[in-house]
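Trainee: These protein sequence lines are chains A and B, in that order.
Residues 1 to 243 in full-length UniProt numbering are what the first sequence lists, from first letter to last.
Residues 1 to 80 in full-length UniProt numbering are what the second sequence lists, from first letter to last.
No lab work stands behind these hints: they were computed from the structure.
Quick reminder that beta carbons are idealized off the backbone N, C-alpha and C, glycines included.
Some hints could be false.
[Stated by the list, open to error] Label pairs and their calculated CB-CB ranges: (1) Val22(B) / Arg118(A): 26 to 32 Å; (2) Val22(B) / Lys129(A): 21 to 27 Å; (3) Pro98(A) / Thr8(B): 18 to 24 Å.
[What the hints assert, rightly or not] Straight-line Cα separation of at most 25 Å, SDA-like style, residue types lysine to any residue; simulated pairs: (4) Lys129(A) / Ala52(B); (5) Lys185(A) / Ala227(A); (6) Lys77(B) / Gly54(B); (7) Lys17(B) / Pro78(A); (8) Lys185(A) / Ser166(A); (9) Lys129(A) / Glu50(B); (10) Lys17(B) / Asp214(A).
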Amino acid sequence: MSQWVIVSGVSRGLGHAIALDLLAAGYDVAGCSTTLSDEVKALQSEFGPRFVWQATDMGDNDAIDAFVAGSIAHFDAPPWGVVNNAGMSVEGILSTLPLADIERVLQVNLTGAIALTRAALRRMMRTRKPGRIINISSITGSRGYTGLSAYAASKAGMDGFGRALSREVGRLGITVNSIAPGYMKTALSAGLDDKQLDQIVRRTPLNRLCELSDITPLVRFLLSDEAAFITGQTLTVDGGLTS
Amino acid sequence: MSFDLVRTELTQILTDKSAPVVEITPDTVLLNGPLDIDSLDLATLVVTLEEATGLQPFREGFVLFHTAGELGALFTKAAG
């Protein structure tokens, strides 16, 4: 039986690209998102039972547990890996950001990812077999960006979570890594205007924004057996912007 | 929940990690005692027991326990 992987936030953008890439590579995928997008419907149609999807609010820990339990029941095995991709952003100067928005970003991006990882690990650790946890972080977590303080906090938290967890579960052969993409032209970077994006491109040695296809092969590699000795790391893919 | 389940799952964990299997009684100390297990093994034991019984004695917070019998008693208490 092929291995299966949990991917959160599959309705669009990077999460959808990761799910599609992994399915094409032979993994089965359990995806979740808040909305049943046309992209998700296309995955369901193309891959049938190899792709299972459940509406899940990453702000609802019980829903996250139910999604993992349902996916394990569907594939009748613990997952090989988890890709914590689901995320949201809130832009604005901190002093004017509503606290409710800040709490929501931290819950969805950070607590939700931790809850999803916890739920999956509870089944993975019982088998005493290797596995993979991959957190989709951001260079804003290490470098920051004006107007993205809460988002940056959630991503820095994700990196710290991964470093600590890698020590905790390393003995089981479970690796935990972060991927920190540079700025991408996806819905999440909608808060950046064209002028800001142009400025980012000018400061990037490789002279362009980050593409989905820059990230998906790295996810696939970190899931592979060849990446078994890489853990506790944050791998930056930003065209040299932060070099 | 009977103490037998704690003993069974604990023995399984020792077997899985190729550790010496010793006799486990209710008084057997779990960590830093006669068993070759660490905190990760203990977490695995707790998760396994939670999954097997559907009970979650630590849902509202961690409760200190030292022996196999004390762990079993926490599950018995959670069962009401």
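Trainee: Please go over all the hints and tell whether each is borne out by the structure.
Mentor: Structure-based check of each hint:
1. Val22(B) / Arg118(A): 26 to 32 Å: holds, 31 Å
2. Val22(B) / Lys129(A): 21 to 27 Å: holds, 25 Å
3. Pro98(A) / Thr8(B): 18 to 24 Å: With Cβ atoms ~52 Å apart, the hint is violated.
4. Lys129(A) / Ala52(B): Holds, at roughly 19 Å.
5. Lys185(A) / Ala227(A): The hint is violated at about 28 Å.
6. Lys77(B) / Gly54(B): Between Lys77(B) and Gly54(B) the Cα gap is close to 13 Å, so the pair holds against 25 Å.
7. Lys17(B) / Pro78(A): holds, 19 Å
8. Lys185(A) / Ser166(A): violated, 30 Å
9. Lys129(A) / Glu50(B): holds, 20 Å
10. Lys17(B) / Asp214(A): violated, 39 Å
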